[in-house]
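**Q** Here is what each chain is made of, one letter per residue.
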Amino acid sequence: MSVRVHDLAGGYTAEVITGVAFDLEPGTICAVLGPNGGGKTTLFRALLGELPLRRGTVSLPARPAYVPQTDRTRLDFPVSALDVVLMGAYGRTPAWRRVARADRDAARATLERVGLGDRARRRFGALSGGQRQRVLIARALLQDSPVILLDEPLSGVDAASATRIEALFGELRDEGRVLLVATHDVEQARRWDRVVCLHGRQIAFGPPDETLTTDVLTRTYGGELVVLPGGERAIAVEHHRH
Amino acid sequence: MPAPFDTPFMQRALVEALLLAGLAGVLGSWIVLRRFAFFTHGVGTAAFPGLVVAGPAGVAPQLTALGAALVYAGGVEWLARTRRVASDAATGLMLVAALAIGVVLASDVFASGAGVDRLLFGSLIGLRDRDLWLTAAALGGALALELTLRRAWLARGFDPTTARALGVRVALADRALLLAVAVAAVVALDAVGALLVTAVLVIPAATVRLVAPSVPSLQLGTAALAAVESVTGLWLAYELNIGPGPAIAVLGGGVFAAVVAVTR
Amino acid sequence: MLGWLLDPFSGPLMQRALAEVIVVALACGPLGVWVLLYRQSYAAESISHAMLPGLVVAALAGAPLLLGATGGVLVAAAAIALAGRDERLGGDVGVAVAISALFGLGALLALSPDVPARLGELLFGDLLGVTGGDVAQAGALAAGVVAALALAHRRLALSAFDRAAAPSLGARPARWELALLALLAVCTVAAVRGLGNLLVVALIIAPAAAALNLAPRLPAALALSALLAALAGVLGLLASYRLNIAAGAAVALAAVGLFLASLMRPATARPRRRPVRS
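Residue numbers (our numbering), protein chains in the order written: chain A, 1 to 242; chain B, 243 to 506; chain C, 507 to 784.
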């Protein structure tokens, strides 16, 4: 039931990521750190089976659920929050059948779980950024996969939603799932179980307190690092690329 | 002059064709570089109801056509501002409405379908000196704008964000370009028809664009190719007894396809 | 009053026209919603314009219009796909060239013979001239489109709403975008007899745009679009009969009119403030 990746290399035209290897036991939250363009989203694509692999193996207990960055969804779509969550059940519903009663009930329950039970009928595009993110997470939860990939789930999210989401991550971990969370927030990464540092190639993998040394961080972010007074605390500065 | 260009109406058609080739060279190149092809087609199509009412109203068709085109452009902009419909859908809706209105008006104005065909696909006969003067004026205006605004048009097309930073008055220049393109479409209507203004204003420029290394070479090449295609198209239209628009479009399309195949 | 509404439809000619337009509307309406959600309005226009040579060849050869329409859209789709792929010009320009050239070819073929094809009917439709066979054909095609849309509904929704996550949820976007274009082609073929290739797009886009303005959720939008399209057909035929204007154009204007009417409803996007429940 674990996620195993060994010597993974892949990319569309050129090799975007190489040398990726990690094992994640069930019940783990793993941060994926790296600069923009460093390969975080590419790694997720590889885990989803959407990327041609040049080398290496990926072993997963089931197809992962995926929460992409929020700004990719269409805000003008005529769907309610509940409609979006229900999309998590589409994959297991044959084309000629209605979505199962059990799935509908589960969708409502999941929406409650992320704290949006009373917003079920609200138009998705009318929700705040943090609320939309929670809806997308609920959608992923409805897929009921033991592996969940989240691409920067907390960027641009208000503090209340962020706290709620992080608490939810803990619950999911306790359920025995594996969460891979791409993030820019090194502080956040320190709070979790494992971390993968990617900058094209894998720089490091392991528990955060062992792995997130200044040296590793510098090699991951290539000098975009700001070390706060106190020595060990570092915040990665996000660069805008053209 | 060889037949059929020995008749006065064909001679007028010839002059019009050469003037339009000039417009194709100057403005058609920008249409292709700045990707205004659909806008050009839209203006031509939107002008159709204006053309229908020009005869009964006793007004120059270019005037009513330009009026209709302005209503269309204003309508598209207004719809876009309501944010209730996407811009490509808004354009499609306005164009189909223009065509439908034109058809409804035309059934009152024209006894047979032939009149509508002329408006939609152009006509060899029926060009008056006034039309030639208007086209010449449009060409003159286009050349004047080209000389003054070409840097702005080039900067905006190449890199919109830095163009503004360079202090170039891009928004105004672009509006002028769109207006010039609209006027060019309007003066082309009588020759090629409302539905095929792209035949002369876009197709030759698109063809030359495939091989031209610079903007001036693009413009000169387009003018030359457009002239050849238009004159040949006139001859073909005469032989087949149809409007020039379809003939020029088919010729232009064939040349385009050939150049695409050869340069791939 | 009822007589004024029903009298026009007492004869077989108008009854057939009514049947044709309603059958076509039931397919164009929902399809149009997807066309708008996928932002494919240009594709809809392009396909219908560029199919003209197929229609003309069929008309001149005395072949069934359905055949010509099918051939026309296939050629059009192929030309547009090829033209759009060339990167040197930018998709728009190549497509515009392909459409203009094909459309011009259609007009040339139609106008040059000694007995020209009835170009006006091909361009603007011949709704009042449809036969029972035409209605049956349109009905079969429309039923196919509606059935396909029903089966593909969830996949289409996934691919349109969230292209990035769609594969992980069970739908590959590229496949469904192509499927939509294929259905668009079929629907165009079904509708072209009655509306003509220039006006078809009105029944595809306008009722759908109106429905998306009025309905808050997708299933309602799809149903409403079908209803509005059918309504446009009825209103258009009524206007055609009473005002003595071209039927296809009347239907197109009715559809656009319904869309403009839908704008009067205030936008639904703004969330209402509700008191917080304690």
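Please keep in mind that the hints were generated in silico from the structure rather than gathered at the bench.
We treat Cβ as the ideally placed atom computed from N, Cα and C, and that holds for glycine.
Don't take every hint at face value.
Label pairs and their in silico Cβ distance ranges [unchecked claim]:
1. 218/A / 725/C: 31 to 41 Å
2. 639/C / 371/B: 34 to 44 Å
3. 505/B / 102/A: 29 to 39 Å
4. 725/C / 222/A: 43 to 53 Å
5. 639/C / 108/A: 45 to 55 Å
**Q** Residue 505/B and residue 102/A, beta-carbon distance inside 29 to 39 Å?
**A** Between residue 505/B and residue 102/A, where Cβ atoms are some 60 Å apart, the hint is violated.
**Q** Hint says 43 to 53 Å; check whether the CB-CB distance for residue 725/C and residue 222/A agrees.
**A** holds, 50 Å
**Q** Regarding residue 639/C and residue 108/A, is the given constraint of 45 to 55 Å on their beta-carbon distance met?
**A** holds, 50 Å
**Q** Indicate whether the distance between the beta carbons of residue 639/C and residue 371/B respects the range 34 to 44 Å.
**A** violated, 52 Å
**Q** Do the Cβ positions of residue 218/A and residue 725/C conform to the proposed distance bound of 31 to 41 Å?
**A** violated, 53 Å
Against the hints set out earlier in the document, violations occur for numbers 1, 2, 3.
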